[in-house]
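*Asks:* The listed protein sequences derive, respectively, from chains A and B. Here the first sequence is numbered in the UniProt record's numbering, starting from 1 and rising by one per residue. Here the second sequence is numbered in the UniProt record's numbering, starting from 1 and rising by one per residue.
Calculated from the structure, these hints are not laboratory results. Do not rely on the hints blindly, as some may be mistaken.
One copy or two, it doesn't matter: identical chains are merged, so the pair holds either way.
[To be verified] Straight line, CA to CA, 20 Å or less: simulated SDA-like cross-link-like pairs of lysine to any residue:
id, residue 1, residue 2
1, K314, R395
2, K92, R410
3, K314, E290
There are 2 protein chains.
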Amino acid sequence: MKIVKFGGSSLATGEQVEKVFNIVTSDPERKIVVVSAPGKRHAEDTKVTDLLIDCAKTYLQFGEGKSSFDAVVERYALIARELGLPDKITKKIHDDLLASLNGDKRHPQKYLDAVKASGEDNNAKLITAYFKLRGIEAYYVNPKDAGLIVSDEPGNAQCLPESYEALFELRNRPGVLIFPGFFGYNKEGEVVTFSRSGSDITGSILANGTKADLYENFTDVDAVYSVNPTMVQNPKELRELTYREMRELSYAGFSVFHDEALMPAFRAGIPVNIKNTNYPSKPGTRIVNERENTNGPVIGIASDNGFCSIYVSKYLLNREIGFGRRLLHIIEDFGLSFEHMPSGIDDISIILRQDQMDLAQEENIIKRIKQELQADNVKIEHNLAIIMVVGEGMRRNVGTAARASNALAREGINLEMINQGSSEVSMMFGVKEVDENRAVQALYEEFFVGVPV
Amino acid sequence: MKIVKFGGSSLATGEQVEKVFNIVTSDPERKIVVVSAPGKRHAEDTKVTDLLIDCAKTYLQFGEGKSSFDAVVERYALIARELGLPDKITKKIHDDLLASLNGDKRHPQKYLDAVKASGEDNNAKLITAYFKLRGIEAYYVNPKDAGLIVSDEPGNAQCLPESYEALFELRNRPGVLIFPGFFGYNKEGEVVTFSRSGSDITGSILANGTKADLYENFTDVDAVYSVNPTMVQNPKELRELTYREMRELSYAGFSVFHDEALMPAFRAGIPVNIKNTNYPSKPGTRIVNERENTNGPVIGIASDNGFCSIYVSKYLLNREIGFGRRLLHIIEDFGLSFEHMPSGIDDISIILRQDQMDLAQEENIIKRIKQELQADNVKIEHNLAIIMVVGEGMRRNVGTAARASNALAREGINLEMINQGSSEVSMMFGVKEVDENRAVQALYEEFFVGVPV
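Extracted from the complex, chain A is given alone in its bound form:
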């Protein structure tokens, strides 16, 4: 049994919905279909979810908002017409949305969640109607009825453990089940949405709960690439990568997947297959617990920028028990999340995303570290990029570090930081932001194009 999830671009038009229909019905294992709200039809288009947010905000402010309301209904109406669905479908969506918009506004966050969630919910109903029209036994499933109970954190719901057992029962229902993504219900029965990319989360939770054999995630790319295609032309497509590799890559700019979304599927050990709705015959990319090591040591290279480093030095620092802990405590007091902490004998650096701090905070941090830890020197360096070189094959592979650092040295790129030794499947290089693109290209060249070593 498979969970099949379709993203917004896969459901943006009637033509796209027909592709979805064909994909689902071509494999009887495709039992549960998780749907997003209709997405963009072209680069300049607006997603239904964004229209709904706009609509909800207008209603919150003015108590009404005809033009944005109409814009949402028109998107569904267009799709319904393209699919040859009767007008009553659009009428139902119109009435449902109006009821949502006229709902309880005492808690703006909850109100917003309810309106946003209607995008997926109405789309699930529309698609169910289309499947039925085409003669398929299909049922819309309401997340509350299915038992998808979540924490009461609007916009950031967490699935409660009891949900998984309840969801297992979906296996026993007849027909194809169309399940709206992006939201669940709190214990009071109110709609609460997941964070962005929440339909991926719904699919992952359902895969875990139903103990599915596979979680197919249909989107608009053929595969996950070995490197960002805007940095390297026609990069290698990946057939298979492990959860760990995906996670390390997604950390640094691989945006195919919202990495938190994978957690429930990962915990249950269920493989994920990323596929393209527009080319469903292509194999796509599988995310698995373990893979055979067929490539070289490296499977992917990712990078991200906007990091800074807080450098702290103090003579005989390494003799002070608790220095690192007290330093991290100060960082935490400012509500900052740190990424890495390379250390020398008499110095420690804290690497973190620089957009977390403004100038005044930076000054305060420096002051506190100097005063409380009696540091000799504290300074902040900005505009660093982190490059992740990732691959299960790197584990115990002699010479990967040498190849990577050689490739960077050949390009004359100075290494601000090397962090290797905790993760067995990644190596991290810190460079200045201005060197980021060249560094990624040099590493791609080394590990994927192949040069004499």
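Guided by the hints, dock chain B onto chain A, whose structure is given.
*Replies:* Below, chain B without anything else, positioned relative to chain A:
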């Protein structure tokens, strides 16, 4: 004005003391002479300090201990005879030591400190007598009279800040001043010793207090070597290295200097010259604040073993604010001092000296980390070695990491860890202990012997 310190082997025999006399009197800037207790005359010999510890323990247990007492006195008597000093010197040392041994035994640690310190104290008196005999205006200086006041931590005294000002007055005294190393007095006027190599500390404190131009540290080696001579034959001697380089090297097995000893001289910016008492014309090695970069990027390679790594992994770990801090808190609760903390996306490793924990503690640590941090996986890996590649010239030097990791890869040595990015003057490699020697040799070959790159 120079502070000149002589180690135990430089004062082990009358012949050695004569060398000391010649060195001191050959340069009128050599004003203050810090002396250790007589050290080993040959590899199987016992240092006076160790004889004294033995003696004190015997007295503590039995109230007397003639044979060990005689052994100490005989060492001084022999030196006095060799130097042609009158018997009354030996008699005075005999009486002084007996008084120490029959002193207050209510606090065994303080008693031990007083007996140990007599080794340096009596030697300073003996050497003063010899200088006088040779017609030099020389004075024994008692640390209490000079104002060397320390914290009340037997065996681990810390110099109190007020001492430095008091010690400055020594500049105004006439003649050559012979100052016993290794101890000061607490505020109650009791003897308290520094940690081992405490005479180096005394010299460093005096250099700071008197604002000396140079701190000459005479020992039994010609120079600091670029690498451990037991690992590489005839390694390069270093003419000059910076405090930072010394500190990074001394961390990992460079035993010429007890690194804490350098702190007072470092803080005052006073250069240290390590020289050989037996070949005083040789330039030795200077430790300075800044040096000209004449060599290649690397000045020295050091290594140490006996490390272990506590590996902790948890999915989405990097999202948890405070995870690193809480992990370090647990480490600290066990009284453990950690060395490094490399981190991946979903994992952190803590590198620490493994002799700090026994098996039961290791199990408790693993249990607490699993429970309190809900970690997915916690494991401890033993028998790691850390290799430090050090040099001011590495700062902003493109390609040093590549050369180092290449050299290790050529030898087929797997890198367990790379830590670079905080210290600008060092790079750290973690390898298995079994690979330590080969790794050091390969790195020496790369940076000092020179191979085509």
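*Asks:* Is it within a copy, between copies, both, or neither that the alpha carbon of K314 lies no farther than 20 Å from that of R395?
*Replies:* Result: close only across copies, 18 Å inter versus 34 Å intra.
*Asks:* Is it within, between, both or neither when you check K92 against R410 at 20 Å Cα-Cα?
*Replies:* neither (64 Å within a copy, 71 Å between copies)
*Asks:* Is the C-alpha distance from K314 to E290 at most 20 Å within one copy, between copies, in both cases, or in neither?
*Replies:* Classified as between; 17 Å across copies, 44 Å inside a copy.
Checked against the numbered hints given earlier, this structure breaks only hint 2.
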